[in-house]
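If you want the building blocks of each chain, they are given just below.
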Amino acid sequence: MIASVKTLLKKEAREFFSELKGPRKTSDIPGKLLSLLLAVAIVVVACFVLKRFGTMYVGIEINRVPDPYGRLWELTSAIYLLIIFVNVVGGVRTINRSLFESEDLRIFVTLPLSSGAMYVSKMTVAYVKQFVFGFFTVLPVNITLATCGAEVGAQFYGMTVLILFLLPLISLALGSVLALPLYALKTLVSSRYGISLIVVTALTGLAFWLYSEALGFIADLISTGDVRFFFDADTMREIARVTSDMYPAVFFSNMLLTDAMPEGVGWVLLTTALLITAGVLTGRLMLLPAAQNKLFALDSRYVYKGHSLPAPRSKFASFMKKELLVVLRTPSYAFRYFSTAVIMPLMVYFCMEIFSELAGLLVFVNCDLEIAVFLIVMFGILTNTYCAGNVSRDGEFFFMMKTMPVSYRTAISAKVVFCFIGAAVSTAVSVALVGGLGYVNAWQAVFLLVVTLAISAAQICFATRRDLGHPRFGTEAGAEEPDSTVSVLVLIGLAVSMAIGGIMLYDGVYLKLTKGESFGELASVISMAVIAAALFAGSLVYLFKGLDEKCRNAGGEDK
Amino acid sequence: MTKPEAYPRAEEEVAVRVDGLKKRYPRASEYAVNGISFEVRRGEIVGLLGHNGAGKSTTLKCLTGMLPYKEGEIEIFGEPMKGEALAAKMRFGFVTDNHAVFRKMTGLEYLAFMADVYGVGAEERVARVEELQRCFALGDKIKNLISSYSHGMKQRICMMGSLIHDPDLWILDEPMLGLDPVTMDSVCRFMRDYADRGGAVLFSTHNLDAVRRICDRAIVIRAGRLAADLPAAEFGEGRELERFFLSDEENAG
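Chains as they are written, first to last, in this note's numbering: chain A, 1 to 559; chain B, 1 to 253.
Think of the hints as simulated: they come from the structure by calculation, not from any bench. Cβ atoms here follow ideal geometry from the backbone N, Cα and C, with glycine treated the same way. Accuracy of the hints is not assured; some may be wrong.
Simulated DEER-style distance windows between Cβ atoms [stated by the list, open to error]:
# : chain 1 : residue 1 : chain 2 : residue 2 : range
1 : B       : 51        : A       : 533       : 55 to 65 Å
2 : B       : 151       : A       : 353       : 48 to 58 Å
3 : B       : 82        : A       : 533       : 52 to 62 Å
4 : B       : 122       : A       : 45        : 56 to 66 Å
5 : A       : 7         : B       : 151       : 29 to 39 Å
6 : B       : 131       : A       : 442       : 53 to 63 Å
7 : B       : 82        : A       : 510       : 34 to 44 Å
8 : A       : 194       : B       : 133       : 20 to 30 Å
Could you put the whole structure together from the sequences, leaning on the hints where they help?
This is the structure:
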């Protein structure tokens, strides 16, 4: 078995490094850079917020009695519960990908490899991934906790190292137990397209709303100074009671901060051992059925029943319908098309309030129109990434389309219009929200709508044309394709929205202050109109100039 | 969409004319297809034979507009295949070798999509689907998502989609792959019937039995060049095709 595990691990390592060394065309370098930047930004912001909040929290006195270690213990327990939750979610995802969604196992199952060897090799890779994730999350968080005001010693740092090794074990073991029912549930829900779309959209909207409310609440507490009164003696007693029940996170707090460290280590080891036993049993039990694709063939158990032969449509309408069906019946596309469109107005709404207040406080000038343009453009670009795979999404069918009596313009235009409908609805709702809340007046709202729609259309045309130039076709039409264009689109989109935001703020703030309100506003409106018109016209030319030639040559240009 | 009962062989119209076709892929040093010329007429079933990588699929892909080409001429019923070639594309139906269908559509939705693309009317499409169902027998499964289909069922829905507009020319890339003997038999009979009603069939294959059974001609491609154009009389019931392939292999070796 050891020889088999070694062979399988070598294969995993070779695959990992070949992906890194792969040709530039196939590796998504902008995507990887973007993910890295995003991860660093999240960790830095989280640590910054934790440091500010932790310092304040550790200094809280109950009946004028300070207890920095007690406060730090409570904070650590709460933070570790969150970290364990995130790790378990990550663990379940990793296990699902390694076991149920991996094509490898279908090959392995035909080879003389024991299920133990397969399981150990897959779990080792999952453990390494979780360890790396933990290294970049647990370590900065622990270092931040150590600087919050309560002095910590060698025990804290020593135990941090031990936790780095133990935490992935716990999360993977717990993940192994949960992976099976969750995967079955996911498969069951994802094949019911309508329900899955509504549930995912509702959950995402709810999560975003809760996050915004929580953030708003904390910001209110800090800005009004109510934070001093919020953590009164009763509240603190309640917090102490709740955090003392946060198992298994309290074991980690004990390991890091209390004299009950050996006890804490013992409990953590015992919990880990129990969970690993349960995880290994469940994991190995489900491995072979998963590999043989018997237990999880839920997709084929539930068969969508269509209706009679659909009525005739024009070629354009038929291509539009094809796009709609692909979106509705592919959960990840549906999420990107519908759910993100629902979230965008919410993002604009929350940020508009903050930015408008901030501008009023900092420069005493009303530049709500400029802020609205910036926010709608930025969030529009960030959420409307569906168009980035407009061509690649067709897979091999793109080549089939080339044999049909349909002009390339019709086929590509249907994709652009379909994407634009989704983007236009979320843009219009955002504008209505901004107008309804009184940030802009009626004519400004109309102007805002025209400008943002033009930029949105420009983004779709640009993304479609770029995808046509660098298509990454999946093997089957409607199969989910790798999307490197998304990363490029997001990077370029961010740069464009920053540039637009910069110009808008220059006009809206600097010119209003130096040359007067009306001149500034006029300059601002003209700049916006010119930029939007230029982007729109430029993207149309970029997309449609030489479109036929580009489509004809896609995938096999003659030398 | 009614067809004449049978076309007189003496007045056979040229369905496909390929003249000096050359195709080289990007970054390739050699031509995948190097100066091929042939014709396919109405009423004919022509098999395109050759080893893997000989240039069969490339020829078919150039012929159907899937791949661009710069050298040589292709005409479908006299319509050139250069540019978008919408008129030429209206005349044929094409079945790829890799099931290029939307797996998130039901079989019926896919057929309706293809009918829309080829401008088939409401009543006509219903009649066509019924007629095609008789041959390809997807039954009630036609209402299911294509993603739930087996390999053979996907092949059948592709064939049905390519025939929804009752084309004059049917082009197929490796159509026999993955078909069970019963379906293969019904596809062969459908091809023969289709050709007898005046249609032209051109397909690539490695299945010599199928070629021997239904083809009027066999075109053999070797290393991108036309190696032979054999009428049925020359390969008939005997082992000529096998002999040709064996010698071809020796030559290749």
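Checked hints:
1. At about 57 Å, the CB distance of residue 51/B to residue 533/A agrees with the hint of 55 to 65 Å.
2. At roughly 56 Å, the beta carbons of residue 151/B and residue 353/A sit within the given window of 48 to 58 Å.
3. Checking the proposed 52 to 62 Å range against residue 82/B and residue 533/A shows it is violated: the Cβ atoms sit about 37 Å from each other.
4. The beta-carbon spacing between residue 122/B and residue 45/A, approximately 59 Å, falls within the hinted interval of 56 to 66 Å.
5. Residue 7/A and residue 151/B have their C-beta atoms about 31 Å apart, which keeps the hinted 29 to 39 Å range intact.
6. Separation of residue 131/B from residue 442/A is about 59 Å and conforms to the stated range, judged on CB atoms against 53 to 63 Å.
7. Between residue 82/B and residue 510/A the CB atoms are about 57 Å apart, so this pair departs from the stated range of 34 to 44 Å.
8. The hinted window of 20 to 30 Å between residue 194/A and residue 133/B holds, with their beta carbons roughly 29 Å apart.
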